[in-house]
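Engineer: For the sequence shown, this note's numbering assigns the number 252 to the initial residue and increments by one for each residue that follows.
Be aware that a few hints might be false.
[Stated by the list, open to error] BS3-like mimics (lysine-lysine), calculated; alpha carbons at most 30 Å apart, straight line:
{"#": "1", "residue 1": "371", "residue 2": "304"}
{"#": "2", "residue 1": "364", "residue 2": "351"}
{"#": "3", "residue 1": "364", "residue 2": "375"}
{"#": "4", "residue 1": "351", "residue 2": "293"}
{"#": "5", "residue 1": "255", "residue 2": "351"}
{"#": "6", "residue 1": "255", "residue 2": "449"}
[Claimed, not checked] Quick list of the computed label-pair ranges, beta carbon to beta carbon:
{"#": "7", "residue 1": "478", "residue 2": "444", "range": "16 to 22 Å"}
{"#": "8", "residue 1": "382", "residue 2": "415", "range": "33 to 39 Å"}
{"#": "9", "residue 1": "448", "residue 2": "300", "range": "19 to 25 Å"}
{"#": "10", "residue 1": "343", "residue 2": "381", "range": "16 to 22 Å"}
{"#": "11", "residue 1": "422", "residue 2": "278", "range": "39 to 45 Å"}
Because the hints were derived from the structure by calculation, they are not lab data.
Small disclaimer: the values here were computed from a predicted structure and weren't measured.
Don't be surprised by glycine CBs; every beta carbon is placed ideally from N, CA and C.
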Amino acid sequence: MENKVAVVTGSARGIGKSIAEKLAKDGFRIVICDIMEDEVVKTAKEMEQFGTKTIGVKVDVTKIEDVEKLFEETVSTFGSVDVLVNNAGITRDTLLIRMKESDWDAVIAVNLKGTFNCTKAAAKYMMKQRSGKIVNISSVVGVMGNVGQANYSASKGGVISLTKSAAKELAARNITVNAVAPGYIETEMTKVLPDAAKESFLNLIPLKRPGQPEDVANVVSFLISPAADYVTGQVINIDGGMVM
């Protein structure tokens, strides 16, 4: 993967950062992008330890102007964009009847529209190259739904449908599009869950343990490798067996 270029959105921390680290170790040149500018700079600096060239770009994925500038800067710096990992996402959890319209709009804007914006912008370059790999980070709740996450579930279910449609549209240009659906993964976001909620999740997992960000990164690494050249339009659950 030496000299290949990977853009990972929402990669300043959490699962996105773990994915960026894994791809850096695989030899990719990395574009760290997130809305948190200080964290972007810090994470991009940390990537130097893996011996690969990295740039950091502040991006609001809900704004197409930001996204187009992201890929312009990527291609200007590295000459191509070979991989896109759509990881940027937020939550605004509450019961449906209590959910504010602003909570619905914010989650759909980042999780679904953001994925659309980045996929569309990256595809323009990948189609000219006649090659590329896109991996979208969905969630098991996009498959099964979840109490208190109507907005998040809808956004992640939409990401799955977008993945399949994009895979069909872009296949003729040798571009694969796949999704991964993480389950209960230990991150800063899940650490703040009440113990009762954590126990409830664990009871649904046959492997009886939460996943780690590295578990997601390893599957993403496979999907963008030559070993997965014949895999497209798929959704892979990374959930310890929660959804079978």
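Engineer: Are the hints correct? Go through all of them and say.
Structural biologist: Status of each hint after checking the structure:
Taking the CA atoms of residue 371 and residue 304, the gap is near 25 Å; set against the 30 Å cutoff, the hint holds. Between residue 364 and residue 351, the direct Cα distance comes to roughly 19 Å. Compliance with the 30 Å bound is thereby established for this hinted pair. Taken as a hint, the residue 364 and residue 375 pair is honoured in the structure, with Cα atoms around 17 Å apart against an allowance of 30 Å. Taking the CA atoms of residue 351 and residue 293, the gap is near 34 Å; set against the 30 Å cutoff, the hint is violated.
Restraint check: the Cα-Cα separation between residue 255 and residue 351 comes to about 42 Å, which exceeds 30 Å; the hinted pair is violated. Our distance criterion of 30 Å between C-alpha atoms is broken by residue 255 and residue 449, whose separation comes to about 38 Å. Take residue 478 and residue 444: their Cβ atoms lie about 35 Å apart, and the range 16 to 22 Å is violated. At roughly 20 Å, the beta carbons of residue 382 and residue 415 sit outside the given window of 33 to 39 Å.
For residue 448 paired with residue 300, a C-beta distance near 35 Å fails the hint of 19 to 25 Å. Between residue 343 and residue 381 the beta carbon distance is about 39 Å. The supplied range of 16 to 22 Å is therefore violated. At roughly 26 Å, the beta-carbon separation of residue 422 and residue 278 lies outside the given 39 to 45 Å, and the hint is violated.
Going through the hint list in order, the structure does not satisfy hints 4, 5, 6, 7, 8, 9, 10 and 11.
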